[in-house]
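**Q** Residue numbers for the sequence shown follow numbering that gives the first Met the number 0, so the first one is 0 and each next one is one higher.
Calculated from the structure, these hints are not laboratory results. Among the hints, erroneous ones may be present.
[Claimed, not checked] Straight-line C-alpha distance at most 20 Å; calculated PhoX-like pairs for lysine-lysine:
id : residue 1 : residue 2
1  : K399      : K348
2  : K399      : K427
3  : K402      : K427
4  : K373      : K348
5  : K182      : K164
6  : K391      : K439
7  : K402      : K418
[Said to hold, decoys possible] Between beta-carbon pairs, the in silico distance windows are:
id : residue 1 : residue 2 : range
8  : Q61       : W127      : 14 to 22 Å
9  : Q267      : V437      : 29 to 37 Å
10 : V477      : K268      : 19 to 27 Å
11 : L299      : V271      : 16 to 24 Å
12 : V437      : W204      : 51 to 59 Å
13 : T255      : K399      : 52 to 60 Å
14 : T255      : S436      : 27 to 35 Å
Computed from a prediction, not measured in an experiment: that's the story for all the values here. All residues carry an ideal CB built from backbone N, CA and C; glycine is no exception.
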Amino acid sequence: MARPSEGLKKMSIRNKIMGALLLVLSFFAAASFYQYERLQHSNQRLGLVNNLFMPFSRQVAQIQSHLQTLSDDMRRLYFSSQPQQDNPVISRMARDLYPFVIQKKMARAAELLGQLSSQEESVKELSWRLQQIQEQFEAFMKSREKVDFEKHLEEIGNGLVLISKRAEDECQKITLSVQKEAKENLITSMFLATAVLLLGGAAAWLSYRTLNPLPELISRLKKISDGDLDQTIKVESHSQDEIAVLAREYNRMLTTLKERDRQIHQQQKELVRSERLAAVGELSAEIVHEIRNPLNSISLNIDWLENELKTVNPEVKETLSALSAEICRLNEITERHLARARVGVENTKMTSVNDLIQEIVSFDKGAEDRVEIKTSLWPEDLFVRGDRARLKQAFVNVVKNAKEAMPRGGTLEVKTELKNNTTRIMFKDSGCGMSASVRKKSFTPFFTTKTQGTGIGLSLTRQVVEELNGTIECESEVGRGTSFLFQFPV
């Protein structure tokens, strides 16, 4: 089951922001509706006080006042030991007008109670007691004896006092209840306001967190336009919103740009190297051409001298023979340099690697140095498609450099093997090694650390290897020797 945080990460930006906004608005609406209902309830309770109990209390007070006046007149006119003979008008008021007013007041009070008698238990009780008082008043008005008169009057008075007190108690109860509700509403309002603020803050934080990568993305794009490609953006792996997708595509684009930039730089280096090698080739061909002409002339003259001086001193003949040998050696040197500079021509001949290594090792055995060459050849013969002479020259250059790196002697290991459908030839010496900076420039034309070096041996070796669709790698560490790995497709 997916966790809520994972579901949130998979939501789109629009859904996140709209969801947060709707959540805040919904909570705010619910809080407002709740407060409205609470206020309506308080207003309804206060309405009972203002529209019912207070007018009802006034009616009861007026009834008590009129009843007191009526009772006084009735006692004086009818139930006194010496009844007074008042004006007939006053007697009629006592008999007809006051009861009418009192009944009207009671009817008004009953009408007030009847408006809410179905909603409040206290109102029902007051209605019931008021109805009893009305019945007692009717009995009071029918009294012909003083005892009955006083009895009904006392019951009516007590009933009026009771309902008046009940109305006052209800007013006080409702007032206290509304005051309590007001305090609770204040606390609730503060709580709801705090909750709304927290939700709003959470929504703002979510929006900020969601949109925060945009300024960083813009800043990094500006840096990329200035040429700085090291501007990768960190992205949460589970996030699936538009910003995360954009950041991933940005990182992928940046990786592609880096790779293309690396390829462009590599191609530029290859172009510069090719131009240098081409210049070396042209220069070598021109130098060789200029040298071979005088050498041919000298060789012809020496041959003529040998024919002309057949009977001369043997020492002269030996000298002429030595000159001829040196001229032949110079021709071989110039031919070798011309072969180095010559652009490779596709050759479909197969060259045996093991035979070539054995030939180089056998030729080198007569050298006067203290370098021991150890070989570890693949049991089965390995072949490379290409010119044998050029491949031999590439291997010889590496062997020559290895021996020069071990002036006091050492060991050169030569190993051939077949791995991953690739012919591999490794030369590893125990010489002084190279620093990282020197190793990086080892294949650069004209770069050399030797006092009498030309700096073109390894560059030509690399050119030969690449012409044969192979690769050459160099690994070296100061004090621990250097290794060259040739790899050719089978």
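**Q** Now tell me, hint by hint, if it's right for this structure.
**A** Tested hints:
1. K399 x K348: violated (26 Å)
2. K399 x K427: With Cα atoms ~12 Å apart, K399 and K427 stay inside 20 Å; holds.
3. K402 x K427: With a Cα-Cα distance of about 11 Å, the restraint between K402 and K427 holds, given a limit of 20 Å.
4. K373 x K348: Violated. K373 to K348 sits at ~28 Å, over the 20 Å cutoff.
5. K182 x K164: violated (27 Å)
6. K391 x K439: Status violated; Cα separation ~24 Å.
7. K402 x K418: Not OK: K402 and K418 at ~27 Å, beyond 20 Å, violated.
8. Q61 x W127: 14 to 22 Å: holds (21 Å)
9. Q267 x V437: 29 to 37 Å: Between Q267 and V437, where Cβ atoms are some 21 Å apart, the hint is violated.
10. V477 x K268: 19 to 27 Å: The hint (19 to 27 Å, Cβ to Cβ) holds, given that V477 and K268 are roughly 24 Å apart.
11. L299 x V271: 16 to 24 Å: Cβ of L299 to Cβ of V271: about 42 Å, so the range 16 to 24 Å is violated.
12. V437 x W204: 51 to 59 Å: Given about 55 Å between the Cβ atoms, the range holds.
13. T255 x K399: 52 to 60 Å: violated (42 Å)
14. T255 x S436: 27 to 35 Å: holds (30 Å)
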